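**Student:** Could you build all of it, start to finish, from the sequences and the hints given here?
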Amino acid sequence: MTDPRRSLRIGMVCPYSFDVPGGVQNHVLGLARYLRQAGHRPYVLAPGELGPSAAALDLEDFASVGAAMPVPYNGSVARVNFGPLSAARVCRWLRNGKFDLIHIHEPITPSISLLALWAAEQPVVATFHIATPRSRSMQLAGGVLRAAIEKIDAGIAVSESARNVVVQHLGRDAVVIPNGIRFDDFGKRPISGSPRPSQQPRLVFIGRLDEPRKGLEVLLAAVPLIRQTHPNLEVIIAGQGSRPIPSWCRSLGTITNEAKIALLGSADVFVAPQLARESFGIVLLEAMASGAQIVASDLPSFVDLLGPPRDERRLGEVFPVGDHRALARAVLQVLHYANPLRKARAQQAARSYDWSSVGTAVLATYRAALSAAPTGRMREAIG
Amino acid sequence: MSTLEMLALMIIVVVLLVWRISWLASRVQRATTRAERAWITLDAALVGRAQRAADLVMLPGIDPATALLVLDAAAAALEPDLCRGERERAESDLSHVLDTVDPMLPASPSELASERARASICRRLHNDAVATALSLRRRYTVRILRLAGHTDEPRPFEMADGSICTLTAGPPDSPPSSLAYVRPAGYAAEPRAPAVGEAGQPS
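Sequence lines, in order, name chains A and B.
In this text, residue positions in the first sequence follow numbering that gives the first Met the number 0: the first is 0, and each later residue adds one.
In this text, residue positions in the second sequence follow numbering that gives the first Met the number 0: the first is 0, and each later residue adds one.
Note that these hints are calculated values from the structure, not bench results.
All values derive from a computational prediction rather than experimental measurement.
Heads up, a few of these hints could be off.
[Claimed, not checked] If the Cβ cut is set under 7 Å, some of the chain B residues that face chain A in the computed set are:
| hint | residue |
| --- | --- |
| 1 | Arg-29 |
| 2 | Ala-37 |
| 3 | Leu-81 |
| 4 | Arg-83 |
| 5 | Arg-86 |
| 6 | Cys-121 |
| 7 | Asp-127 |
[To be verified] Here are some chain B residues the structure puts well away from chain A; computed CB gaps all over 10 Å:
| hint | residue |
| --- | --- |
| 8 | Leu-16 |
| 9 | Pro-108 |
| 10 | Gly-148 |
| 11 | Phe-156 |
[To be verified] Partner residues are not named here, just some residues of chain B that face chain A (Cβ under 8 Å, in silico):
| hint | residue |
| --- | --- |
| 12 | Ala-30 |
| 13 | Arg-36 |
| 14 | Thr-99 |
| 15 | Ile-120 |
| 16 | Arg-123 |
| 17 | Leu-124 |
| 18 | Ala-128 |
| 19 | Thr-131 |
| 20 | Thr-140 |
Every residue gets a Cβ at the ideal spot worked out from N, C-alpha and C, and that includes glycine.
**Tutor:** Below is the structure:
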């Protein structure tokens, strides 16, 4: 048994490049910040370079495996590393780090995560972010990579749907621990009262503009229908990428974390029209914490967060994926009838995703993995 | 092909076979060891949970009937020399008792909530380790060659976790968590038709 107070050296492996913002990257940084505050030493290995926004991590605690290569993977472009050079770097990092535990994010991707899982001799905790029912790599992984999957001492899934994928395709199980948010950053706005006159309701979308699966298309098709009733509707979109945008829509481009906090704080309605493959709606949670009303597509992970449609205790409206008319109806409904009680409940729910709760659950999983992991495991056991 | 070449080929085949079998054996051993150690971890977590539950009787303002109920369930779970089935029943009963008395307690101690959440995490990891070990041990090669040795077959531990509260390290006023591994009962995943956008997507 391990001493529950001992400070741990934790090696975290993130497959996606820190050169671009992303959900997994933010999660890794948020977790690193929490672990430091809890008295542990997190180290991160990832492609790309650490941006100035990552105050959560000292520069020397971050190791880069070099610039990532963009490759088409799982229907989107992933910036990942692979090949013998990366493998050598991963092995060196694992050897020199003297880690008590390796925490690998998205282990079954063709990236440094898989390389790290392959080479790790320490206890391994793995977090599964993906919730795609048809992930080809997961299906292949069942056979080819079975030995690597066996090395995981404790699996974490960020949602029930992500856990289902793990159970179905990998034959393993995982503890469900959602992604964390920094609630105090967002939850400052008083629940009652809109920050601006309600004659000009503000609708906000955050997400990549040029990636079809983020569903901006659906939102833009719905806005004219909403504007028939609310001609003053303000539409603000923020996110990387460029595309032609109608004149009634304001685009802020890529925004900083502070700008995001301010934008969400001023939103009346937050729309998440994603079409597919959203493992965990972290922006949705942040919008909930900010006290905005939520309208989201009925992806499993969103329904997990908001509750099923027509449920009395649901925390936001969901509409069928890709249906712009239903989106318009849902927005009109929340604009017409602002439900302060639901807002309060949504804010309360978002608070339970604060790093203080989520991080404690992750640490408890670390402890359980450390005491269950076979010690002195043989390196040749895998390769 | 000369005899020498045949011999060399056979040696290579045998070496590969032995290497493959020893690799499989080490995987079996690792999985079995993990299952055993996970059981020790789970056992400790369950004992911790029962002890914290028994501590409830010291809570100021608790009524004697509730105290007796909790103490009885905790003592039953802490009973030494229970067989697996009895232990599973006693731990499930303790979960149910804790769920029942929780709303009636003058204060809900956060240590108990943490212990309950910890036990739930340990149990899932234990059963996962057991499933991994079992799937390896049931392989044809493993059974024929007895790669698992004389170790006992691990068994999953089935019990009711009860409605678990959050791991409390958050602000004192934080509400009951909706962390998904402790999902509120009303939000159980309903059977869903596949979403429109997902079915037709290339992946």
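**Student:** Less than 8 Å between beta-carbons is the criterion; does Leu-124/B satisfy it with respect to chain A?
**Tutor:** holds (5 Å)
**Student:** Hint check: is the beta carbon of Cys-121/B less than 7 Å from a beta carbon of chain A?
**Tutor:** Hint on Cys-121/B: holds, closest Cβ of chain A at ~5 Å, below 7 Å.
**Student:** So, Ala-37/B near chain A? Judge it on the closest CB pair being under 7 Å.
**Tutor:** Given a least distance of 4 Å, the restraint on Ala-37/B holds.
**Student:** Verify the interface restraint on Arg-29/B: the C-beta must sit less than 7 Å from at least one C-beta of chain A.
**Tutor:** Because about 5 Å separates Arg-29/B from the closest Cβ in chain A, which is inside the 7 Å limit, the hint holds.
**Student:** The hint names Ile-120/B as touching chain A; please verify it with the least Cβ-Cβ distance against 8 Å.
**Tutor:** holds (5 Å)
**Student:** Decide, holds or violated, for the assertion that all CB atoms of chain A are farther than 10 Å from the CB of Phe-156/B.
**Tutor:** Answer for Phe-156/B: holds, closest chain A Cβ roughly 13 Å.
**Student:** When the nearest CB of chain A is found for Arg-83/B, is that gap smaller than 7 Å?
**Tutor:** This hint is violated: Arg-83/B lies away from chain A, its Cβ roughly 18 Å from the closest one there, beyond 7 Å.
**Student:** Holds or violated: is there a CB of chain A closer than 8 Å to the CB of Thr-140/B?
**Tutor:** violated (14 Å)
**Student:** Can the hint on Ala-128/B be confirmed by a CB-to-CB distance to chain A that is less than 8 Å?
**Tutor:** holds (6 Å)
**Student:** Confirm or reject: Leu-16/B is not an interface residue toward chain A, with every Cβ-Cβ distance exceeding 10 Å.
**Tutor:** Given a closest Cβ separation of 16 Å, the condition holds.
**Student:** Any CB of chain A closer than 8 Å to the CB of Thr-99/B?
**Tutor:** This hint is violated: Thr-99/B lies away from chain A, its Cβ roughly 22 Å from the closest one there, beyond 8 Å.
**Student:** Quick check on Arg-36/B please, does its C-beta sit within 8 Å of some C-beta on chain A?
**Tutor:** For Arg-36/B, the interface hint holds, since the closest Cβ of chain A sits about 5 Å away, which is under 8 Å.
In summary, the structure is inconsistent with hints 3, 4, 5, 14, 20 from the numbered list given earlier, while agreeing with the others.
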